[in-house]
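Numbering that gives the first Met the number 0 applies: residue 0 is where the sequence shown begins, and numbers increase by one.
I should point out that these hints are in silico values taken from the structure, not numbers from a laboratory. All C-beta atoms, glycine included, are put in the ideal place defined by N, C-alpha and C. A hint or two may mislead.
Each pair of labels, with its calculated beta carbon distance range [as the list claims (entries may be wrong)]:
hint: 1; residue 1: Arg1; residue 2: Gly82; range: 21 to 29 Å
hint: 2; residue 1: Glu86; residue 2: Ile45; range: 17 to 25 Å
hint: 3; residue 1: Gly81; residue 2: Ile108; range: 29 to 37 Å
hint: 4; residue 1: Gly89; residue 2: Arg111; range: 29 to 37 Å
hint: 5; residue 1: Gly81; residue 2: Glu21; range: 17 to 25 Å
hint: 6; residue 1: Leu56; residue 2: Arg111; range: 35 to 43 Å
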Amino acid sequence: MRFLTRILLSSVGVMLSAYLLEGVYVKGFWTAVLFSFLLSILNYTIKPLLIILTVPLTVLTLGLFLLVINTLIIWIAAGLVGGLVIEGFGWAFLFSLLLSVINTLLFDITQR
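Could you put the whole structure together from the sequences, leaning on the hints where they help?
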């Protein structure tokens, strides 16, 4: 039940982020739900592998390369979901940052 709640809250975050950024388009709420579900799967499977493979680069950039990895994971998920369009790497980067902030706020509110 907790997983489903997190997916739905993340979907709200996706919709809100897409509303605030003009370079990101989401067709509807169910597209956001599918994107959030796929993003969670990629975060548990592909992301750890990318982190392990890029440890030297992450250490060299003092951890800032993790932001690039987050952006790549979001871009991959958007490419796999029809109905969600991100118009470039810069918009994906901003979307990644904004989605992280919004999700943190939403998850914090629900924990109280």
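Here is what the structure says about each hint:
1. Arg1 <-> Gly82: 21 to 29 Å: Hint holds: Cβ distance 26 Å, inside 21 to 29 Å.
2. Glu86 <-> Ile45: 17 to 25 Å: Distance hint for Glu86, Ile45 holds at roughly 23 Å.
3. Gly81 <-> Ile108: 29 to 37 Å: holds, 31 Å
4. Gly89 <-> Arg111: 29 to 37 Å: holds, 34 Å
5. Gly81 <-> Glu21: 17 to 25 Å: Hint holds: Cβ distance 20 Å, inside 17 to 25 Å.
6. Leu56 <-> Arg111: 35 to 43 Å: holds, 38 Å
Taken one by one, the earlier hints all hold for this structure without exception.
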